[in-house]
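Protein chains: 4
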Amino acid sequence: MKKGVMRPGHVQIRVLDLEEARKHYVDLLGLIEMDSDDQGRVYLKAWTEVDKYSVILRESDEPGMDFMGFKCLNEAVLDSLAEEIRALGISVTELPSGDLKDCGRRMQFVAPTGHTFELFATKEQTGKWGISSVNPEAWPRGLKGMQANRFDHCLLYGDDLEGNLTLFRDVLGFDLAEQVVDPEQNRVALFLTASMKAHDIAFIKHAEKNKFHHASFYLETWQDVLKAADLISMTDTSIDIGPTRHGLTHGQTIYFFDPSGNRNEVFAGGDYHYPDHETVTWKAEDLGKAIFYHDRQLNERFLTALT
Amino acid sequence: MKKGVMRPGHVQIRVLDLEEARKHYVDLLGLIEMDSDDQGRVYLKAWTEVDKYSVILRESDEPGMDFMGFKCLNEAVLDSLAEEIRALGISVTELPSGDLKDCGRRMQFVAPTGHTFELFATKEQTGKWGISSVNPEAWPRGLKGMQANRFDHCLLYGDDLEGNLTLFRDVLGFDLAEQVVDPEQNRVALFLTASMKAHDIAFIKHAEKNKFHHASFYLETWQDVLKAADLISMTDTSIDIGPTRHGLTHGQTIYFFDPSGNRNEVFAGGDYHYPDHETVTWKAEDLGKAIFYHDRQLNERFLTALT
Amino acid sequence: MKKGVMRPGHVQIRVLDLEEARKHYVDLLGLIEMDSDDQGRVYLKAWTEVDKYSVILRESDEPGMDFMGFKCLNEAVLDSLAEEIRALGISVTELPSGDLKDCGRRMQFVAPTGHTFELFATKEQTGKWGISSVNPEAWPRGLKGMQANRFDHCLLYGDDLEGNLTLFRDVLGFDLAEQVVDPEQNRVALFLTASMKAHDIAFIKHAEKNKFHHASFYLETWQDVLKAADLISMTDTSIDIGPTRHGLTHGQTIYFFDPSGNRNEVFAGGDYHYPDHETVTWKAEDLGKAIFYHDRQLNERFLTALT
Amino acid sequence: MKKGVMRPGHVQIRVLDLEEARKHYVDLLGLIEMDSDDQGRVYLKAWTEVDKYSVILRESDEPGMDFMGFKCLNEAVLDSLAEEIRALGISVTELPSGDLKDCGRRMQFVAPTGHTFELFATKEQTGKWGISSVNPEAWPRGLKGMQANRFDHCLLYGDDLEGNLTLFRDVLGFDLAEQVVDPEQNRVALFLTASMKAHDIAFIKHAEKNKFHHASFYLETWQDVLKAADLISMTDTSIDIGPTRHGLTHGQTIYFFDPSGNRNEVFAGGDYHYPDHETVTWKAEDLGKAIFYHDRQLNERFLTALT
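Line order of the protein sequences matches chains G, V, C and U.
Sequential numbering of the first sequence, starting at 1, is according to our numbering.
Sequential numbering of the second sequence, starting at 1, is according to our numbering.
Sequential numbering of the third sequence, starting at 1, is according to our numbering.
Sequential numbering of the fourth sequence, starting at 1, is according to our numbering.
Check each hint, because a few of them may be wrong.
As the list makes no split between identical chains, a pair holds if one copy fits it or if it spans any two.
To be verified - Straight-line Cα separation of at most 27 Å, DSSO-like style, residue types lysine-lysine; simulated pairs: (1) Lys52 x Lys209; (2) Lys209 x Lys227; (3) Lys52 x Lys2; (4) Lys144 x Lys227; (5) Lys144 x Lys283; (6) Lys2 x Lys205; (7) Lys227 x Lys211; (8) Lys101 x Lys283; (9) Lys101 x Lys144; (10) Lys144 x Lys2; (11) Lys101 x Lys205; (12) Lys205 x Lys23; (13) Lys209 x Lys283; (14) Lys283 x Lys3; (15) Lys23 x Lys144; (16) Lys283 x Lys52; (17) Lys101 x Lys3; (18) Lys227 x Lys283; (19) Lys283 x Lys205; (20) Lys23 x Lys101.
Because the hints were derived from the structure by calculation, they are not lab data.
Could you put together the complete structure from these sequences and hints?
The following block contains the structure:
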């Protein structure tokens, strides 16, 4: 949080069929439906989040991610960071308050990898779902499915990783917590964090711009990862891989797909990061182990099933 | 235990290199080396077992299982069951006390699927390893690796499943806890138990006789399954699949290989069985989900990598 | 199961207010209400049980246990065991089929400690709740509260432990899995099992006859024990102790009370037993550690709050 | 980290017998002994910490905490924060580099509650113990006892909580994540964080200044909390309470004592915090549930056993 960026605040995901998607994200992942808008977008949150929503579903002809937003400490941070981003030669668009329901103005820009990001500082706070802020119980009753705790991060594929590193590390104040480096010392993956989490956003090198690998949601325990995998099976949901562990961040994970083909991750555990931590380096020649720690090889979908 | 057969008592496994195998079963699985004999065989136990050993390693030119032995309530059971087995037209050889170190006489026979089994009732009891029988602590300190709790069962491949069912259910008093049945109502898998465990021995239909799929060891928790998978990765051990869950028995599992190519399983959880439980049936057309509950498809090794 | 007794089949518990009790056992413990009878008794089951019910609630002026029943392999076992019990000088009453709903005839008798037990062999089987017997999923959706897996055992207090040992071990074929022995070598606690479980019934020495300490329900994991403790707190249920571990059996446990003052236990884990296992002995002078392994001292309720 | 304070960096604990203390912190908690100095102090670290040490043991006639240090982003932060602390009327002493081994200069001061704190920015970094910074494995082999992950926070008792709140929140940039408030709206407990952790330092209202309640160490899972409790029992270590959950922060915890009578905590889980989170409030009249979520009452030691 060196420059005032706190955390991933929301992600807008394109889905082919809104009803199917709602069922997936609410009944299976356990997100809570909070609102919808006159564009037909549906707003969801995970139960530990204090803001009103973190996932926005938009019906579209193709799946993928519209944009990901980071919440900043205050409105002043937005202006100063927008200025710094523009100084990098990247244009920034200010979207007015209310463009996303109950959200303040957003500074939106396209990163060198082609992905759209935005910064915002104000959103209606409804508090943790089902939990009082006075004498709060340990967890709310009535959660569904995987009982996802929070929207945690996205993993994106794109070409200009060095451009993104400059943007996220030097301008937005993220740390490079982990990286994958090829034998020529080129970075082929970046895991960036604005907090103690092992990653708030990650990028993997890819020939094309603006590809979406997955949106990730946090679970409390490895036991919850097992139950999530069971639910994937019980609901005949398309699984990618897992339960397993990542080498990078050491999180315990499952990858699976929403009905539109967007990949989701649920995970538990994982390393923590402070700004004085040396960047953890994985060798590209060991990418299999870096990604899937137990199998130690990539499955073919890992590099191809991008939306 | 309707006919006096209590549990899997031991398995003799052929290994190509005894030193490598010892390292694998002791340092990785966490078995305890208890003894060796003048044939060079090594005797191992898991810590919760009260008998002196449950795994015997024998150096050989090819991997596989020599035999699996079941412990019976008493010596009288051996004679009566030997007689019943012979009445089935199967010859039974009595091996003298001491042929296996510190083990009483054993009644050995070849099942219709070509596998060698034996019954015994007497083996030196050394008690749980590292635990007193007075005021016993919850677990011993100093366990290695995966800290396997007990040798649990074997899964074997062979042709004459109906012959084995008659032998194990009708003569030896096992229950058919679970089965896989094809559309023509032929059984293609048998999961048999002499106790409350979901299986003490299992068979899968295969064109050839006497194939060995795996020997399985019990772990206490799903957390231990994760740590076992981590250790497989840290030690560069060949993994087959997992962590995942089986549909059959619902156990939480990993398959991996010893240095000789023998498949091992470690698992936790799983259903329990009583004699009045209806046999659980899985459809052969859903064998993928029956075996690997999360992936819902067999990996190619499942049917081919047999020793 | 040496003499054909399989497992605890049911317990009839007296409650002061049936509606409060139903709420407790259904909403908090997660038992499923299956039926009621014209005496107003309510029949409940835990989800993994194949029989129609295992807990019967009867409204009464005082709490406690009416009787506990064990399910036997078949009807013939009932007659032979009844004869053996009578030979011990204990009178046995045969209750007709239907006296408990959908249950066959029961052989009822009073043990030397003053507790009423019964044997039965027939009860309607409705199968595991919410799970098919073909291609069964790992667990059913829609379970409530603690999601108790099964009625597991009772702990009872009474005077004539040696009389009960003769009855349960020598006549009914149970094993003495664990015991507590005082410095004069008198047994002050018996943990008896008819199966692989660490205990199907347990007795602690007490001046008075026929006291009820608790009825116990099995949970799958230590994680479930935590969630059970959380639910106890969220619902303002009276807790006795836990989460903690027992020394005896090493199960992971919580004790709490139903609205009538009957103590319940939920627990996970614990040791397994085979007939050739030496009886585990705890010293009476270390009873604190034997009962509450972490605190290593009894709380005052342990010896006094009996119904 | 609004003002550049990153995390708890170390705590110096007074022990009556250094050898006994070393055995406790190394063999039981699983800290790693890294160094000692010519004053006889012993330097220890937990395995996930990148700095050389986090716990310093000093032999003394009475137990307790000498001081707790926070690591800051850089040396410049030290000077600016020292100036701000002095502006509050609190004197700050600069201790030279090397006064603690391999640690840079430290700015030391006494908080309004009478406790000694210090800020530092430089300490030798030895990296995570037993783990490479290239292709790091998930965890190191060879850890002892409870395998504590990191020194996490201290809970201290003292009189002037409002003074400490001004110091930590307004000057040092901590957030007040949680508080306990009495019916007159006086704060009687402060849980303060400089990061995403639920607390980096906590204070409870007490008539006397400068009392030490406990130093806390993080474990990975609730399963590890169970094993820690088992080890406490196996080693006849004095336990205070647990395993249980706190209401405040919802962490899963055990309290126990080192041989000198200093209270330790090991815990897992717990809530996360961001600067835009509303302070969580517990009512003083529900302090029992706030501290011990399951028992919902304080044990008598909680308020009395202070060093």
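- Which of the stated hints cannot be reconciled with the structure, identified by number in ascending sequence? 1, 2, 5, 7, 8, 10, 11, 12 and 14
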